[in-house]
Amino acid sequence: MVHRIILTLAVGAAGAHLCIGAAFAHVTLETAQAQVGSGYKAVLRVGHGCEGSPTTAIRIRIPEGIVAVKPMPKPGWKLEVVTGKYPKTYNLAHGVKMSEGVTEISWSGGNLPEAFYDEFVFTATIADDMKPGQAVYFPTVQQCEKGVHRWIEIPPAGTPGGADAGEPAPALMLVPRPARGAPEGAPAQRH
Amino acid sequence: MRILAGLIVFALCLAYAPAALAHAALVRAEPADGAVVAQPPASLKLTFNEPVSPLVMRLVGPNGEMMAPTSVTADNTVVTIIPPRLPQGTNVLSWRVVSSDGHPIGGSVLFAVGAPSAGSPDGGLDSEPAVKVAIWAAKLALYVGLFIGIGGAAFRALVAQGRSLPARARVWIAGAMGLGLAGAVLSIPLQGLDAMALPLTQAWHPQAWTTGLGTAFGLTAIIAAAALALGLVALRDSSRSRVKFVALTALAGAGVALAASGHAGTAQPSFVTRPSVFLHAIAVAFWIGSLLPLLVLVRTAPQGDVSLKRFSRTIPFALVALAASGVLLAVVQLDRLDALWTTNYGLVLSGKLALILALLALAAANRYRLVPRFERLGRPAARPMAASIAVECVIAFAIFGVVALWRFTPPPRALAASEPIAFHIHDPKAMINASLAPRRGQGAELSILVMDAELHPLPVKEVTLVLAYPAAGIEPVRRSATDAGGATWRIADLRIPLAGRWDVRLDILVNDFEKVVLEEKVELPHAP
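Top to bottom, those sequences are chains L and B.
Numbering-wise (my numbering), the first sequence opens with residue 153 and increments by one.
Numbering-wise (my numbering), the second sequence opens with residue 737 and increments by one.
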């Protein structure tokens, strides 16, 4: 019984290690799944600069259906947001309606050397009427001292993003909200 | 048991320790991409941003010749390649390495020794003579198979209906088709050898086959082989209706095969020239293919063979089609009349025309003098008739030999202007019209017009060209285009080390967060 648990943990740890190792190659989201209709804390992991050059800015575009976005400030970096109208009005908890909000976040003016790792964080809510079972993509532009990496490649609808894609956009897979009575996911955004 | 489990956990943790390294990237190349060096470099260095392991290193010379490096060593992040003595002109180092996360990356570095290549006068590559002779022989064998073989099978099915041919005729026709099949198959690696300027001894190298199949001629060889196989089936079959159908399909296949590639079928306007080549090929097959069976029939069949009469009635139509399509193609290819004797292409055409006139004269003598005599007198008049047809066969064979020389002479219209190659790639979101114009001694100039789905010019932020030729082992070459205004982007001085079907990819950055990738296989010329 005990050794079965240990083995499972070991395999799980190994798998997690494998995933972490490969994923550091690209800019990705730490939690790659979120429930429709619930809150979500996005942690964008940046493990590399551009061919050795330090990262100086991260700009991320928020896709449709991700609303009520609040980025986390980072010391030493200038945080700016671009707001715009959403394609439709979304209904949030407690009767709150949103028709516009943050569509782009930019952390700039910083310096993240190639040898170091950092995370860029924002919270958001997945709109209620998003279809589960599909992925949403956050195209990200990583500006460096010399050069730029555009993590903006989105695979055509219906094909899963291959690990071989050159510079894929960070992806978030939407899963259905749990049935009534089951424990809920992260609490929705509170204003 | 628990100790074992513990050991397994420990081992797994060690084995799968997070390799926090990413795909490597090339930081610096010596000599740099696009550089001109005075002397052939003693060593080539590639520096990456993290340790890599070299997989494949290839060198391509200014004439498309492949060279293997003398030695390749990797020291941490630097890979050093010792090349053989590199020739003057534009050389390509095509590299492929694997980073520690197992992900391979590749690219190509183009640099020039002395001065960038001026390019040979006819834009062709210098293969060794043995390869050229072999290509000519394979083409001749292919013509024999398509015209004498399939033509003979068509004669049996259409003209000699119901009366089966003597066994001797069928053996010869089957032999011709077998020769054609051998020619079709062997021409594939020979094309590959010619494209890469490799010697004949490398004919069995898989790369020769993949490159050959990748050329436009590869398609011709495959269709021709299929048509010849059908022809063999038609020869053996006895059911009249099925034989007709199979033989006609084989005949059409022969026409399609020859129209699929080559200077004649690709000349503009191609909706006129391709059908002309098709018609020309079918007419030739019908005419020349009938000679051998007629020869045998005249010798063995009794007086007044119906096939001969039927042939005499239908051949004028074939001759008219032959002459009309031939004149049209010649007019398109020659831009001036004196090109007939001033250019190599024109000389070959003049030779062909002279031989055809002789053939027509003989055929006319046959038709108006010998055939009526044969019909009147029967067997005694067979010998001069058979002799005449035999001479016609020899002249036809000589015509094939002369026509096969066209493989080595570009037509005047291709010499007159460096004709730009145009291609178009589209996607639901964006499309491009591109035009590639070779410039003597300066590579080629590529002009790209970017449009949206409604064909309006689409202003975009960046356009990057990625060229790769995996069949010949050339890793991607990246070039950034410069904005020339009006949604037009230009790449000047684009060096293309080999002629052939390249994988062309255009990465179009529509805005900061959106990129459209367009990919297509395009036949590109050699542009050193």
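Be careful, since some hints might not be right.
What the hints assert, rightly or not - Calculated cross-link-like contacts (lysine to any residue; reagent style SDA-like; alpha-carbon spacing at most 25 angstroms):
#1 B/K1197 x L/T255
#2 B/K1257 x L/V234
#3 L/K283 x B/D769
#4 B/K1197 x L/V234
#5 L/K298 x B/L922
#6 B/K1165 x L/A209
#7 L/K298 x B/K1257
#8 B/K1197 x L/E182
#9 B/K1197 x B/G770
#10 B/K781 x L/G299
#11 L/K298 x B/A761
#12 B/K1197 x L/A209
#13 L/K237 x B/E1250
#14 B/K1197 x L/V188
#15 L/K298 x B/K1165
#16 L/K237 x B/N1247
#17 L/K240 x B/D769
#18 B/K1197 x L/K193
#19 B/K1165 x L/S260
#20 L/K298 x B/L1091
Keep in mind that the hints were calculated from the coordinates and are not lab data.
Here's how the hints hold up against the structure:
1. B/K1197 x L/T255: 20 angstroms, holds
2. B/K1257 x L/V234: Between B/K1257 and L/V234 the Cα gap is close to 41 angstroms, so the pair fails against 25 angstroms, i.e. violated.
3. L/K283 x B/D769: 48 angstroms, violated
4. B/K1197 x L/V234: Status holds; Cα separation ~20 angstroms.
5. L/K298 x B/L922: 51 angstroms, violated
6. B/K1165 x L/A209: 28 angstroms, violated
7. L/K298 x B/K1257: Violated. L/K298 to B/K1257 sits at ~33 angstroms, over the 25 angstroms cutoff.
8. B/K1197 x L/E182: 30 angstroms, violated
9. B/K1197 x B/G770: Since the Cα atoms of B/K1197 and B/G770 sit roughly 24 angstroms apart, the hinted pair holds (cutoff 25 angstroms).
10. B/K781 x L/G299: Holds: B/K781 and L/G299 sit about 22 angstroms apart, inside 25 angstroms.
11. L/K298 x B/A761: Given pair L/K298, B/A761 holds - Cα atoms ~14 angstroms apart, limit 25 angstroms.
12. B/K1197 x L/A209: 19 angstroms, holds
13. L/K237 x B/E1250: Holds, because 19 angstroms separates the two Cα atoms, which is no more than 25 angstroms.
14. B/K1197 x L/V188: Since the Cα atoms of B/K1197 and L/V188 sit roughly 35 angstroms apart, the hinted pair is violated (cutoff 25 angstroms).
15. L/K298 x B/K1165: Violated - the C-alpha atoms of B/K1165 and L/K298 are around 30 angstroms apart, more than 25 angstroms.
16. L/K237 x B/N1247: 19 angstroms, holds
17. L/K240 x B/D769: Violated: L/K240 and B/D769 sit about 49 angstroms apart, past 25 angstroms.
18. B/K1197 x L/K193: Roughly 32 angstroms between the alpha carbons, so the hint for B/K1197 and L/K193 is violated.
19. B/K1165 x L/S260: With a Cα-Cα distance of about 31 angstroms, the restraint between B/K1165 and L/S260 is violated, given a limit of 25 angstroms.
20. L/K298 x B/L1091: Given pair L/K298, B/L1091 is violated - Cα atoms ~68 angstroms apart, limit 25 angstroms.
Going down the numbered hints, you'll see the structure goes against 2, 3, 5, 6, 7, 8, 14, 15, 17, 18, 19, 20, while the others check out.
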